[in-house]
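Start from chain L and add chain C according to the hints.
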Amino acid sequence: MTVSFSPYLNSRQAEINAGINNANTEIIPGILEKEKISFDDFLVLLSPGAGRYLDDMAMKAKTLTDKHFGKNINLYIPMYLSNECNSNCVYCGFNRMSKIQRKTLTINEIAVEAEKIREYGMTNILLLTGDSKENATLEYIERAVKEVKKLFSQVSLEIYPLDTQNYKRLVDSGATSLTIYQETYDRKIYEKVHKGGAKEDIEYRLAAPERALEAGFRKIGIGALLGLSDWRTEAACLAIHAEYLMKKYWRADLSISFPRLRKSGSGFRPYCDVADKELAQMIFAFRIFLDRAGIVLSTRESPYFRDNMIGYGVTMMSAGSKTNPGGYAANGEGSGKQFETEDGRTVKEISEAIKNAGYYPVFKDWEKALGGVKK
Amino acid sequence: MDKLLIAGREFTSRFMIGTGKFPSDEIMKKCINKSGAEIITVAVRRVDLENPNDGILSSLDPKKIFILPNTSGAQNADEAIRIAMLAREMGLSNWIKLEVTPDPRYLLPDPDETLKAAKFLVNEGFTVLPYINADPVLAKKLEEIGTATVMPLAAPIGTNKGLTTEDALKIIIEQSNIPVVIDAGIGRPSDACRAMEIGAAAVMVNTAVSTSADPELMAESFKLAVEAGRKAFLAGLGPKSGRARASSPTAWLSK
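Line by line, the protein sequences give chains L and C. For the first sequence, numbering that gives the first Met the number 0 gives the first residue as 0, with consecutive numbering after it. For the second sequence, numbering that gives the first Met the number 0 gives the first residue as 0, with consecutive numbering after it.
Keep in mind that the hints were calculated from the coordinates and are not lab data. Note that CB positions come from ideal geometry on N, CA and C, so glycine has one too. Careful: at least some of the hints might be erroneous.
[Stated by the list, open to error] Distance windows between CB atoms, simulated:
1. Arg142/L with Asp213/C: 33 to 43 Å
2. Ile170/C with Gly29/L: 30 to 40 Å
3. Ser189/C with Ser3/L: 39 to 49 Å
4. Leu48/C with Gly333/L: 26 to 36 Å
[To be verified] Result set (DSSO-like, lysine-lysine): computed pairs, CA atoms no more than 27 Å apart in a straight line:
5. Lys367/L with Lys118/C
6. Lys354/L with Lys118/C
7. Lys61/L with Lys160/C
8. Lys374/L with Lys115/C
9. Lys276/L with Lys354/L
10. Lys66/L with Lys222/C
11. Lys336/L with Lys61/L
12. Lys373/L with Lys33/C
13. Lys140/C with Lys374/L
14. Lys29/C with Lys61/L
15. Lys148/L with Lys115/L
16. Lys254/C with Lys222/C
17. Lys160/C with Lys33/L
18. Lys254/C with Lys347/L
Next comes chain L alone, as it looks inside the complex (with noise of 0.2 Å):
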């Protein structure tokens, strides 16, 4: 099959520009009492006035939440194998130039290092590295999985771009889900943030969800880095690359995260803020629009931020969460972090706070039994 996304979000460039710019948000009542609203009415949802009616688009996303998902909020746990890097994201404390403790860890660390996480109850771990293929090799990554899922019924992956008969290797090996951010959507500075590497190449990073599932993933997570470019645009390109992939990969379960830039080891500052009213704007317009879509909220937020969206979209949180290999059986020493968590609680205490705003932590949500996609 053709991959074939890029000219397509080409294609729709116009129809997002003329959208946001010119929203009537009187509309937004009739919009809000729709059953299935439009990318148009989605547009208008994402628009600078649309904050008037932050309490009514609340209402309705929680409602719809409540309705797909029940009441029920899914933890997973990130475990860094490694923060070697080849890349020079300027916004990433994983970027080559940044002066941190690198670290691979071993087969015989992961197996320690999962252990030491199974105890926290969870079921579903997600495996992050850096973009060194030399050092987190594609058959290190195999194995990584294969010593993970001896304890974990579900593995997902955030790692460098593959092609499709290496994401196969993956799914083969028991790989269920596969997060990959277009870290931006808008050209101009995903080549300026960019530069050098094999992540230049900005279409081989657009088509990589695609490729993924070709390949046979279960699951996809897809996102923009938000504090890069203008976060309504991203969020109408990330909403049509959503659609996109669900239409042609309707097996597919697909899940979207709000990444919001961080202070890292790379010193960056954010090009533009993305306030919290901003950020729950764009959360209630994802889920309104895509309301049976997964919605990610990772421990990069605030635990103010996070308690008070739980049932308004949000579908997955992390929790526990250390973004340094060895974080957690070595107990953060040793290498260096990829970011500042802001939601530093422990596993228990965020369980807490889920069962206080009256939802459940599903600390298991899947069976080993359940493998790739098959036609």
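Same frame as chain L, but now just chain C:
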């Protein structure tokens, strides 16, 4: 006394409850008590065998209720079969609510893969309760291969839309020799009542109870609605009529 009979086993309640969407185990337990439901479905994928004291399973008392594991999450027959086997190995049950839903958003059942899995599982000695679209032909095929019930949907899961498939459901009920349990989409007690009035053997609800502002009260309300609908069915509903009936239009024939 009016009993629900599935695969030779008697149940008093005709109201089944799913467990996947409750805010807490405590609320779930209270709702089950209020509902009078005896058959409770549990997703095998939510059960953590290595941590049996944690989660839904540990809150359910198998002496009081009948736990019906389901294959939720399975996208094809192979996966559903593996999950059913796992449920049996876990000692949960050799009854299985068969759900094969390749599309993760609307969770609509795949007829081919459901039939395939049902055949295999029936041969393996499972008591199979398949979740299906309101498809009368598929319902008969499943009956022929030996499933214990059919569980056609009223509307897509979680939509609370009620009996959108009523015409097809009526055909399924009319033609079926096994209990027809109406599953998915029932949003209001009046929908459940209607389902029972048209002759369903039982109804299955989750979202409408678990996400209600007062789940316990809603559970009780559904219980009453199911009982009322069943009694109405047994009593025999009078036909709807738009005009008054002539008193004895054929009296002349007796003269």
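Each hint, compared with the structure:
Against the hinted window of 33 to 43 Å, the Cβ-Cβ separation of arginine 142/L and aspartate 213/C comes to about 51 Å, which falls outside the hint. Separation of isoleucine 170/C from glycine 29/L is about 39 Å and conforms to the stated range, judged on CB atoms against 30 to 40 Å. For serine 189/C paired with serine 3/L, a C-beta distance near 48 Å keeps the hint of 39 to 49 Å intact. Here the CB-CB span from leucine 48/C to glycine 333/L is close to 35 Å, well matched to the stated 26 to 36 Å.
A hinted pair counts as satisfied when its Cα atoms are at most 27 Å apart, and lysine 367/L with lysine 118/C qualifies at roughly 23 Å. This hinted pair does not check out: lysine 354/L and lysine 118/C have alpha carbons roughly 41 Å apart, beyond 27 Å. With a C-alpha separation of about 18 Å, the suggested pair lysine 61/L and lysine 160/C falls inside the 27 Å cut-off, and the hint holds. This hinted pair checks out: lysine 374/L and lysine 115/C have alpha carbons roughly 16 Å apart, not beyond 27 Å.
Note on lysine 276/L and lysine 354/L: the hinted pairing holds, with a Cα-Cα distance of about 24 Å set against a maximum of 27 Å. A distance of roughly 21 Å separates the Cα atoms of lysine 66/L and lysine 222/C; the hinted pair therefore holds under the 27 Å criterion. With a CA separation close to 34 Å, the supplied pair lysine 336/L and lysine 61/L exceeds the 27 Å bound. With a CA separation close to 42 Å, the supplied pair lysine 373/L and lysine 33/C exceeds the 27 Å bound.
Between lysine 140/C and lysine 374/L, the direct Cα distance comes to roughly 24 Å. Compliance with the 27 Å bound is thereby established for this hinted pair. Between the alpha carbons of lysine 29/C and lysine 61/L the distance comes to roughly 24 Å, so the proposed pair stays at or under 27 Å and holds. Distance hint between lysine 148/L and lysine 115/L is fulfilled; the C-alpha atoms sit about 14 Å from each other, no more than 27 Å. Proximity of lysine 254/C to lysine 222/C is assessed by CA-CA distance (about 51 Å); at most 27 Å being required, the pair is judged violated.
Between lysine 160/C and lysine 33/L the CA atoms are separated by roughly 15 Å; this keeps the pair inside 27 Å, and the hint holds. Of the supplied pair hints, the one linking lysine 254/C and lysine 347/L is violated, its CA atoms being roughly 87 Å apart against a limit of 27 Å.
Of the numbered hints given earlier, the model fails hints 1, 6, 11, 12, 16 and 18; all others are met.
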